[in-house]
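Novice: Sequence:
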Amino acid sequence: MYLKEIVINGFKSFADRTRIGLSPGITAIVGPNGCGKSNIVDAIRWVLGEQSAKALRGGSMHDVIFSGTDKRKPLRFCEVELVFADCEKELGTAFNEVSVMRRVSREDASDYFLNGKACRLKDIQRLFMDTGIGRVSYSFMVQGQIDQILSANPAERRTLFEEAAGITRYKAQRKEALGKLALVDQNLARITDVVEEVSRRMGSLKRQAAKALRFRRAQHRLRHLDLASLAHQYAERDAAAAELEARAGTLRETVAVARDALREREEKLASAKVERAELFRRIEEGTQTAFALRSEKENAEAQVRMAEVRQNDLRERIAQVEQECAALAARRAELEARLQGDASDKQRRVGNVEGADEAYRRSRGELEQLLAELAELDRAVAQERQALLMNEGEITRCRATVTNVEVELRTSESRRAEIANALAQAREERFALDARLAEIRSVAEMKRAELARSRQAVAEAQERAKALAAQFREQQQTISRLDRVVARTSAQANVLEQQQAKFEGFSAGAKAVLGGAMQDAVPAGSAHALNALLEISSPENAAALEALLGAAAEALVFDDGVSVPAVAEALEKKELGGAFFADGKIPLRKNAAAPRQDVPAFLTPAGTLFSVKNP
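Under full-length UniProt numbering, the first residue of the sequence shown is numbered 1, with each subsequent residue one higher.
No lab work stands behind these hints: they were computed from the structure.
Careful: at least some of the hints might be erroneous.
[Stated by the list, open to error] Across the chosen pairs, the derived CB separations fall in these ranges:
id : residue 1 : residue 2 : range
1  : GLU278    : ASP313    : 43 to 53 Å
2  : LEU227    : ASP185    : 52 to 62 Å
3  : SER105    : PRO32     : 30 to 40 Å
Using N, Cα and C, we set each Cβ at its ideal position, and we do this for glycine too.
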């Protein structure tokens, strides 16, 4: 495996993307001071995970980004990529080439890429572990580093030799495993505390759970009873409300019918009032017509009386003229007789006769004139009488009309009184229905209010039931969680017991001694593990005690009469492996001793961390 190519972009003095190809063998990069040779080595260390800005000859990580010149603007980010070739065997990958790139920006964003894919620095370090490639390794030697290695102490040289020998990976894995074991021990300590706490609380929680379950059942029963009662009340009130609604509907229909009848009667009353007004108008017109006809009749009667008077006068004059004519005729006859008797007096008498004839003709003419006037008066009287008869007929008709109108008026008055009585009765019924409807509405409102209160009570009961159900679910979840914790703790305790029964963590020799495979050298029950005899005063002190004891925590303690050298010799003879042995007696101390007065307050004496049990 060799470094094939270095790609630098924006790192320190490399403002432009620069590719440096490296062939197998030796490649030398030469140049004057300040041209950037050391920056190439810094770039290699930086891309392999160097986190110290001072190691890169800078004040902060932003100093590795090109800061600009008088003619160039500063860059926002920098990146360096290393391409390794022929790395299948060393890296254990299926790729012939592996590229590693690191990019950092001024926004404090730092990213690593492996073959173009984002990854963690830990992945890159794990990939190159035991290959001698890293931010501090023997593959990249900077100026003065060889002198540092030659003048280094054995511990520092050992680190270099371990990396070259390929055991760094295993040491890292061992360190990681030890860290995980420490974390497991901490978790076990916490689990032990949890188990103890849960064990203490289990009885109380079970009693509380039983009480909660009984309470939940009683609450559930009470909720069902409340809901049944509320449902029954709701059904009763709903039925009552429905009945009231039906009665209200019937009353509304009755009120509507009464209102229609009242409206019809009011319309009839209005029509009757109109008819009455029309009749009054017709009566007034008939009365005025009767008065006019009566006046005309009186005028006609007066004219008839005047005509009769005039007719009587004319008749008297006619009678008088007739008498005069008769007298003249008698005188004429007398004169004719005398004429015949007295011829002498003929001339004189003829003259008298002529005079009498002249008088007769005048009288006759007057008579004819009077007769003509009489005939004219007769015709006028006849016409007046005919007009009078016509007026009397019209008056009779008017009187009949007035009588009919009066009859209709009386009938209308009667109908008006009936309609007024019916209207008053309808109004009274309407008032009664309105009062009944208002009462029903008030009762309905009361029922609705009761129904709303019932619904609110049902809703509140449901909310209480939901809250109680939520509390019960929370308690059940708590119990389930505690059950899971107890089950997990029990499982872990079982695992620990199994591990303790199998003496996991002890060496093979210690397992053989504790497991009874050394009955000839170690009697049964006379060998004890040191960590089993120690009682820790507080779980927080477990890590401190473990660090204090180290590998001695796996040491074996024997009862009196057991020879430690004999046990070691027997293990070696049977090739069962080695073991740690506690040399000498372990003082039994049930209670921790009082702290020494000369120890600072921030230090805890190791002897106070534990006490020793009697085997």
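Novice: If a hint holds in the structure, say so; if it doesn't, say that too.
Specialist: Evaluation of the provided hints:
1. GLU278 x ASP313: 43 to 53 Å: This hint holds: roughly 51 Å between Cβ atoms.
2. LEU227 x ASP185: 52 to 62 Å: 55 Å, holds
3. SER105 x PRO32: 30 to 40 Å: With a Cβ separation near 31 Å, SER105 and PRO32 satisfy 30 to 40 Å, so the hint holds.
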